[in-house]
Amino acid sequence: MANLRKKGITLLKIVVSALLIYFIFTKLNSVEILNILKDADWLYLLIALLLIVISKLIASFRLNLYFHQLHVFLTQKSNLKLYLLGMFYNLFLPGGIGGDTYKGYLIKKKFEVSTKQIVAVLVLDRLSGLLLISVYTCILALFIQNSFFADYKVLFGLAIPCGFIFFWFINTKFFRPVLPVLWRSVGYSSLVQLVQLISIFFLLMALGITGNIIAYLFIFLISSIVSVVPLTIGGIGSREITFLYGATLLELNANSSVAVSLLFFLMTAIISLTGIVYHFKKIELKVIPKI
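If you read the sequence shown in our numbering, its first letter stands for residue 22, the second for the next number, and so on.
Keep in mind that the hints were calculated from the coordinates and are not lab data.
Hints should not be assumed to be uniformly reliable.
As the list claims (entries may be wrong) - Across the chosen pairs, the derived CB separations fall in these ranges: (1) F301 with L55: 31 to 37 Å; (2) H300 with V52: 34 to 40 Å; (3) V52 with F190: 46 to 52 Å.
Stated by the list, open to error - Here are the simulated lysine to aspartate or glutamate pairs, EDC-like style, with alpha carbons at most 16 Å apart: (4) K137 with D121; (5) K307 with E133; (6) K77 with D121; (7) K130 with E305; (8) K131 with E305; (9) K129 with E305; (10) K98 with E305.
Even for Gly, the Cβ is constructed at its ideal location relative to N, Cα and C.
Construct the entire structure; sequences and hints are all you get.
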């Protein structure tokens with residue numbers, strides 16, 4: 022019954038993704054999007070891809086920071102393999118074993134740590150990233166010259182310290198075992214999102230987009246928040262529709278906006294696909310030798 026339910030959820034996600042993509046391309050000029058992608062500057066694309074790889078590497082350090090606080094002293098190499106495998110499962114096997122679920126299973130199998138603590142740090146790792154996405158979103162919103170945002174800039178400004186206070190509160194309330202690394206994890210998260218924003222900047226340069234950069238970066242961050250909602254396969258469809266309506270709201274080129282989103286998804290998928298190696302090759306979780 023549980024297996025049937027998982028297959029049903031997977032099928033539903035595929036259908037939702039397909040419908041969203043179909044809807045998006047009925048609103049856009051698919052030929053123009055293909056031409057935009059075809060004329061992209063490959064040097065800038067390669068720089069963007071490298072930056073996305075770096076952002077994932079930093080994110081893996083953040084996760085290992087939490088593991089070490091639970092006395093799970095994985096080497097960074099072992100942790101990176103586990104992280105890549107999780108990315109592969111999350112994107113390509115969303116209805117089967119989720120990436121976070123499998124990471125938790127392997128850690129629990131190898132180390133004496135409670136399931137509750139493992140689940141807690143995996144959730145907190147996601148929340149830490151979401152916090153900084155929200156913070157950067159609010160910062161960028163302060164600089165967007167658009168009448169829609171004019172009346173809300175004070176709220177955006179207040180949301181930034183409130184976000185940090187709220188994150189501190191839930192850490193002290195629900196995640197006390199890892200509280201000592203709270204601000205270090207926030208530091209890692211700030212780097213992850215900053216590097217990803219720079220990667221989007223280079224994607225924009227690759228497509229010859231030189232105006233309204235802040236607005237494009239803002240939409241990207243909003244799409245990152247929307248893609249967290251598990252309604253589609255790897256966020257495909259949900260990101261693109263966010264770029265479509267965001268471009269309309271901020272008076273940007275919709276075709277170029279969706280092209281940026283598609284490129285980011287494809288690059289993320291390429292990186293995630295490298296984790297397939299550890300689907301077939303068992304990961305040996307090594308620990309840091311005691312001195």
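The hints, checked one at a time:
Evaluation of the 31 to 37 Å hint for F301 and L55 yields a pass: the beta carbon distance comes to about 34 Å. Our hint of 34 to 40 Å for H300 and V52 holds, since their Cβ atoms are close to 37 Å apart. A beta carbon spacing of about 51 Å between V52 and F190 agrees with the range 46 to 52 Å that was offered as a hint. Restraint check: the Cα-Cα separation between K137 and D121 comes to about 13 Å, which is no more than 16 Å; the hinted pair holds.
A distance of roughly 14 Å separates the Cα atoms of K307 and E133; the hinted pair therefore holds under the 16 Å criterion. A hinted pair counts as satisfied when its Cα atoms are at most 16 Å apart, and K77 with D121 qualifies at roughly 15 Å. Under the criterion of a C-alpha separation no larger than 16 Å, the hint pairing K130 with E305 is consistent with the structure, at around 12 Å. For the hint pairing K131 with E305, the CA-to-CA distance comes to about 10 Å; that is within 16 Å, so the pair holds.
Simply put, K129 and E305 have alpha-carbon atoms about 14 Å apart, close enough for the 16 Å limit, and the pair holds. This hinted pair checks out: K98 and E305 have alpha carbons roughly 10 Å apart, not beyond 16 Å.
The structure shown violates none of the earlier numbered hints.
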